[in-house]
Amino acid sequence: MQIQLIIRILGILLMIFSISMIPPFIVSILYADGGGYAFFIGFLISLSVGMMLFIPRRKITGELRARDGFLVVVLFWTVLSLFAALPLYLSNIPGFNLSSAVFEAFSGLTTTGATAIVGLDDLPHAVLFYRQQLQWLGGMGIIVLAVAILPMLGIGGMQLYRAETPGPVKDSKLTPKIAGTAKALWNIYLGLTIACALSYWWAGMGLFDAITHSFSTVAIGGFSTHDASIGWFDNPNIEIVCMIFMLISGINFSLHFVTVRSLSIEPYANDLEFRTYISMLLIITLVVLIVLLAHGDKGFSDSLRDAAFQTISLATTTGFTTENFSTWPIFLPALLIFASFVGGCAGSTAGGIKVIRFLLLFKQGAREIRKLIHPNAIFKIRIGHSVLSENIIEAVWGFFATYVALFFIFMFILMGDGLDQVTAFSAVAACMNNLGPGLGEVAVNYAGISDLSKWVLSIAMLFGRLEIFTLLVLFTPAYWRK
Amino acid sequence: MKIIILGAGQVGATLAINLAGEDNDITVVDIDHKKLRSLQDHLDLRTIIGYGSHPEILEQAGAEDADMLIAVTNSDEINMIACQVAYSIFKTPTKIARIRNSAYLKYDKLFDAKNLPVDYVISPELSVVKYIKRLIENPGALQVVDFADGLVQLVAVRAYYGGLLVGNALSALKDHMPNIETRVAAVFRKGKAILPTGDTVIEADDEIFFIAASHHIRQITGELQKLENPYRRIMIVGGGNIGKGLARALEENFEVKLIETQSKRALSISDELENTIVLHGDGSNKELLVDENIDLMDLFIAVTNKDEANIMSALLAKKMGVRKTMVLINNSAYTDLLHGESIDIVVSPQHTTTSSLLRHIRRGDVANVHSLRRGAAEAIEAVAHGTEDTSKVVGKAIGEIELPPGTTIAAIVRENKVIIAHHNIVIQTDDHVILFMIDKKYVKDVEQLFQVDLSFF
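Residue numbers (our numbering), protein chains in the order written: chain A, 7 to 488; chain B, 14 to 470.
Keep in mind the hints are simulated off the structure, nothing from the lab. From the three backbone atoms N, C-alpha and C, an ideal C-beta is built for every residue, glycine too. Do not rely on the hints blindly, as some may be mistaken.
[Said to hold, decoys possible] Across the chosen pairs, the derived CB separations fall in these ranges:
hint, chain 1, residue 1, chain 2, residue 2, range
1, A, G371, B, K457, 18 to 28 Å
2, B, N87, A, I384, 21 to 31 Å
3, A, T67, B, A217, 29 to 39 Å
4, A, Y485, B, I62, 23 to 33 Å
5, B, E35, A, N330, 54 to 64 Å
6, B, E69, A, E396, 45 to 55 Å
7, B, N87, A, A372, 56 to 66 Å
8, B, K127, A, I250, 29 to 39 Å
9, A, E396, B, G419, 44 to 54 Å
10, B, I62, A, G371, 20 to 30 Å
11, B, K127, A, T67, 44 to 54 Å
12, A, T67, B, E69, 39 to 49 Å
[Said to hold, decoys possible] Below, in silico cross-link-like pairs of lysine-lysine (DSS-like), each with a Cα-Cα straight-line distance of 27 Å or less:
hint, chain 1, residue 1, chain 2, residue 2
13, B, K143, B, K119
14, B, K146, B, K47
15, B, K457, A, K65
16, B, K331, B, K203
17, B, K409, A, K369
18, B, K48, B, K319
19, B, K299, B, K239
20, B, K457, A, K189
21, B, K146, B, K127
22, A, K65, B, K143
23, B, K187, B, K203
24, B, K48, A, K386
25, A, K189, B, K454
26, B, K332, B, K239
27, B, K277, B, K299
28, B, K143, B, K430
29, B, K430, B, K405
30, B, K299, A, K65
31, B, K119, B, K332
32, B, K15, B, K331
33, B, K430, B, K409
34, A, K189, B, K319
35, B, K203, A, K65
36, A, K386, B, K47
[What the hints assert, rightly or not] Examples of chain A residues lying across from chain B (beta carbon under 10 Å, computed):
hint, residue
37, A72
38, M164
39, Q165
40, L180
Isolated chain B (complex conformation) (with noise of 0.2 Å):
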């Protein structure tokens, strides 16, 4: 696919390594040579510097024979010019433009082809505020996905001593809850893969991903490790975009409170925040986090913009007692270094972009992608099409699918009802099958997998 990225900025570097992997065409757009220069030299792909929205610069990206544009420029304004610009002079078939600002938001008539002619919007702040919201809701959890409007989830924990299955086969999952359905998509022991078999028995330290109806996940978290009690107090540093959209998602449920640097903007938020407390202060201000009762908190989340501020402000508040602590932070270097230390959980905007981004890149009739492992896994919501004659899928039973290596199809989503994967289930047109990777390289071939034959048109 020929893909053209506006900004050369976090999400449309990593976007880049995402993509420029996969065999597809891609050319960068910025106005920063330096930026583009370190891309050019670790990847294959070309950059072009000027500004996005400018058609000359447009033209010079190959925006005539391009079959995707993404703008991820830091202005809101620009990406949806250059959108504009891709539609009315290139004709240019999928337009994506990042929006942080929520003002455009909300109101759908905006972007369709006759006014914004944006195909998708994509807004990392609040992808990354539901993907902290979802981790919220299920205490213990490193990583948890939604599949089919959030029916079905796919839930990345750790088992710990204490876990009932922890050190027993996995088929005693099927012993001890024999009314919840669920399949283990893949057991990492040590960073490598496992592909698990009835027999595989669980150890300590594992990272297990499995996927299950979303009102069994606490059960099911239950087996692996102590159950965690529901988190009440959270505490949120950093009052941007991500921490204000937090606390509002969360001040219905929880008790929150939030500390910001700046008092301007604490003022500000505080007007809009009716049940959270506002604070003025510093994130790693000892006396501040004594004062507000830092041991008393469940959870510890740091969403400032600058990651060492954020790594440093959960050491000390996990030192000064907290029970959990999460943070955000950018710098993928830095995600490698601190799984599984003092911070709990780390969470990485790129992902949850680049996750929402994937699903418009697949091939296929792909309803969700994410992401997982730091982007070397991947879960995917395919569409079965066609007959029994068109498809390499319909008609089926899973056992009779030739599946790539490390692939495994989890669950199958058929008129809103989740069906967790046997050997025998036959997968019928338009069922929505959820697949899991080990390793993307893949990818193509689960692709291939979904798309109809051609008679069938």
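If we strip away everything but chain A, and leave its shape as in the complex, we get (with noise of 0.2 Å):
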């Protein structure tokens, strides 16, 4: 373990992290909204901190190995975290404590967009404009945006990339040295964020809502600037908007790229991940539909407009609503909630277990039932053309198997804590699925809930993130002994 090495990367990535006050404080100045303070003090303590790690250390040299860009990944999502939460707490939010600070600075950063703040219209805008950007930097991974910028997190850079990228294969590079793949993926990402936030405005938003929504949506966050979220805004141009990026967004960024350098769409077409996806997505839809008109008193255009856009919304865990769901007929929510333990592809900004996964899990199971008819054939699972080794299928069920394990600890946790039992299932996969909303008492959002419970979900959130086992390893003695 490589302790000072360790620490001077923090210190540098924390440096690099205060940057990011400076948009609020400018936005505030621009608003005249009087929120600037809080964020210039949050960039003072943030800079200075990373610089008191730094400093002392700024010649300390070194690689870091497999096993420290867990630590490094962990502790920077956590310290980043809890830096995030300053300008929050210190902005004087009402009913806001610490905790809630902190919850909200992890759901922002990990693109749950579960928020505890009531009355987002009456905030100043540089706080709004922040929790946006916090989103933003979270969606495409802020150590991949760390890893394009910085040279010297060259080879180690592996080992974070790998630490923070989703889904079960992780060493597929865009382009031989890290540092350009995590400069591809950042590309595209901007790219999808102006074209999304060009989009909303033409749809009809105000400049201010369409950039701080286009962060929101690229990243699959799910963080609105209004408590009615994008139901405010009422206009299906704005909805049809939202949705194609929110698809997009879903999508494995590698195909992104292949698409973008061949200038063709094959890579889609050939792709299963993407067409499991389409069609899960497509056929809930339908669903959601059907039962909408069978118990609701809508026409049938704006059924399909509810039906298509939360079940979107909710699919790729994004969490945007334009409809208290939660008062559908019980077999939507509950359907919805778990289409978000699917979540997107992987590889994309979306949370969830994954496409991937459940398309693996799914042929092992049709894979154990051919084995029962040919008990001496040898089968073996195939993704497109492709051989998958039988280690990737066995690390999808151990991960599989840890998630649903987690799942049952935290929900346990929060009903011990006094929630009931929809409350507590809904607010633990809405955390650990980075979706947001929830059921129950956490429907439209989490200030009603005790301090304990909202710890507990910030966690959560950042299992759900960092895919479990990154942060999962840190618990194991085996990973500390020398």
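Using the supplied hints, reconstruct the complex from the two chains, each of which is provided in its own coordinate frame.
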């Protein structure tokens, strides 16, 4: 364990992160909303702590080993989230305490989108902008950003990248150099964000709303600048734009990369995960539509609008709402919360267990059945034409089992803290899957739950974002043994 | 530069390590995912699992915009086909293939754009044989590398008590040998580099790199250590490609004995070698060594493909009285353990191979590159082009050229004449300039020095 080296890197990253408090400060000057003070103080504190960590160790060099990567990533996410909470805590938001600020910061950076704030519409623009920006930074991963801009993270960068990237196969690089891969990912991400902001603006949003919502849409986050979320605009065009960009952001970014480079849409058509993802969304939308038509009092086009928007928003784990879906017939909210377990594709900004893992679990199940029929046959699991190694399939099983186990542990803690079963279940699901809105008491926001529950859910969000093992490995004694 | 390396074996991996540190985009292709995994874990490069000669694998590896393909899988045929595919389908500008089997190397016509489009052939066994041969011709040297077709040599020797110069300043060299021109490029004392000046005093156990015309090497070596008698009797252990090639290269001028364990192989090489005594047996068999008068042998060379066997048999031979031992070692972790012990010279095949490849990778017109001190240092033979206006070196005296830290110009070869570097020698166009770099991280700066400004064209 190279503690000094790790602290040095942490210092650098914290200094870089402190810069993210400047834009909200500028926003507060532009809108003269008086919210800038907290951000300026937050910037100074983060910068000086980063410098205190870095400067005494600036001459330390060395290479990160595979196991150091986990610690750096986890430390980085926790430390950053805590520092990110600082300006929120200092901003004097009504009814806000330290736990709420930390919850909000974790929810932002992990792109969960669960909020503990009531009365968003009255907050200073600086705070609103900052929340959206947190989601945007967390979406593609701040470590990936750091790898892209800091050449010193070269070789160790791969360890960090692997610990942060979602999906079962983490070794795929888009370009030979890790920095090139990280840059390519951020360029696509940036391009999508700009396109999304322009589309929102065209669809009728104000400039501020267009930019801030593009941040949380492309990051599959779900924060909004209004209590009523996207529903506040009540504009079908905005909803369509939102759906399109949620859909795109839930796709594996390396597919986008290959498509941009080869200028053909063939990579999408050939990708099994992508096809499964789209089919799944279509089927769920259809089911939701049928149930809404059977039970609701709205016409076909309004029902379709609600069904499609809520399905895409929840199944991709974004968490925007246009309609309080928790009041729908109980079958639908339950279905949609379960859909968020599947989430988006690997290598996207979406949360959840990821489509590819479910695909593999399904194929593995089908293989067991075929084995009963042909006991001596050898069946390989394929994605497209390539055979997957048994290691990956075992790892997926392990991941799934641990995910479920952790889910229950968190749920029981919340129930022990006094939440009812529906609230506890949906809150843990919404946080671990980085979804956002839940059911019951947390259907609209998380302001009403206790401080303990907020801390537990913050940890659940981090488990979800780092795909469990990166975080869990730190809790094993073997990791710390010399 | 975008480089695709096919094969993640010894040579492929060493190349990847050397090149990945130098701002190149490297993609390594192999069918063994374990080898790739370990490369991926330690280096910043991309790996692809698959057969390197298959077009679709090459395409995945980025052959379309690659600058260079280096095929070093363990099959000559795959290497050749991969170059053909890269040429026919992807138009890769530079294609290098490793060819081991000398049967392919006899015909020059084979490798050209019309037939097998391999731009450069490297054959590691052959370069190792040449390398060892040069060491044998210069007893006492740790490393000998050629420049300008062998006109100039760079030699590494260890200074011992008994050498005339030991304990004196370098400037004394001139007084000892007024007619011989040489230049000391670097001195390594306890593993650390010292940039030599006239006042530098040579101590015993220093490792000294000097450059001189080939026929002066022996006299200069004598200044640094008690001159050794030339080798006469040589024993080689291992009858593989290297062992056999070495015996063939040496048998004219030396008395050579070769030990091979497999009787079949021993029979077949004895057919090919006329003046060598081929022995069937084990190189670490004490009785065999006694019977063959190991104590009278001048040099014992162990070149089997097992590092451990090489080391053990060399230790045994040394104990039994052989004058000098030389071993071939693939595992570079062992190399550092052994230098200066009862094994006199360690030869690592990767470095000779890497050296021959680096030449094609360096930018600018580079005629030769030699990787020294296990890859840390480098010697380059670069050709100066352009005029005083377009080149950073032409028309300047050596003293005026701003060299990167740790770099010295050691010699110049002008129209087949060797000129040992002095401050006031002015570099002309088409001169071959031989530079020595203590730290190869400045290689880029040296490359830039020799690149001609675009206005030249």
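* To do: Take a quick look at whether B/K277 and B/K299 sit within 27 Å of each other, Cα to Cα.
  => Satisfied, since the Cα-Cα distance of roughly 22 Å is no more than 27 Å.
* Take a quick look at whether A/K189 and B/K454 sit within 27 Å of each other, Cα to Cα. => Within the cut-off at roughly 25 Å; holds.
* To do: Starting from B/K457, check that the Cα of A/K189 is at most 27 Å away, please.
  => 24 Å, holds
* **Restraint status (C-alpha distance of B/K187 to B/K203 at most 27 Å)** => It holds: about 26 Å lies between the C-alpha atoms, which stays within 27 Å.
* Compare the distance between the alpha carbons of B/K203 and A/K65 with 27 Å, and conclude whether the hinted pair is satisfied. => 24 Å, holds
* Asked: Does A/L180 pass the interface check with chain B, least Cβ-Cβ distance below 10 Å?
  -> Given a least distance of 8 Å, the restraint on A/L180 holds.
* With a cut-off of 27 Å on the C-alpha distance, tell me whether B/K331 and B/K203 pass. => Satisfied, since the Cα-Cα distance of roughly 25 Å is no more than 27 Å.
* Hint check for A/I250 and B/K127 - Cβ pair distance inside 29 to 39 Å -> 54 Å, violated
* Kindly confirm whether 44 to 54 Å is satisfied by the beta carbon distance between A/E396 and B/G419. => With Cβ atoms ~51 Å apart, the hint holds.
* Restraint status (C-alpha distance of B/K430 to B/K409 at most 27 Å) -> Holds, because 19 Å separates the two Cα atoms, which is no more than 27 Å.
* Under the criterion that the straight-line Cα-Cα distance not exceed 27 Å, is the pair B/K48, B/K319 satisfied? -> Roughly 19 Å between the alpha carbons, so the hint for B/K48 and B/K319 holds.
* Asked: Does the hinted range 39 to 49 Å hold for A/T67 and B/E69 at CB?
  -> 41 Å, holds
Comparing the model with each numbered hint stated earlier shows that hints 1, 6, 7, 8, 14, 17, 19, 21, 22, 30, 31, 32, 34 do not hold.
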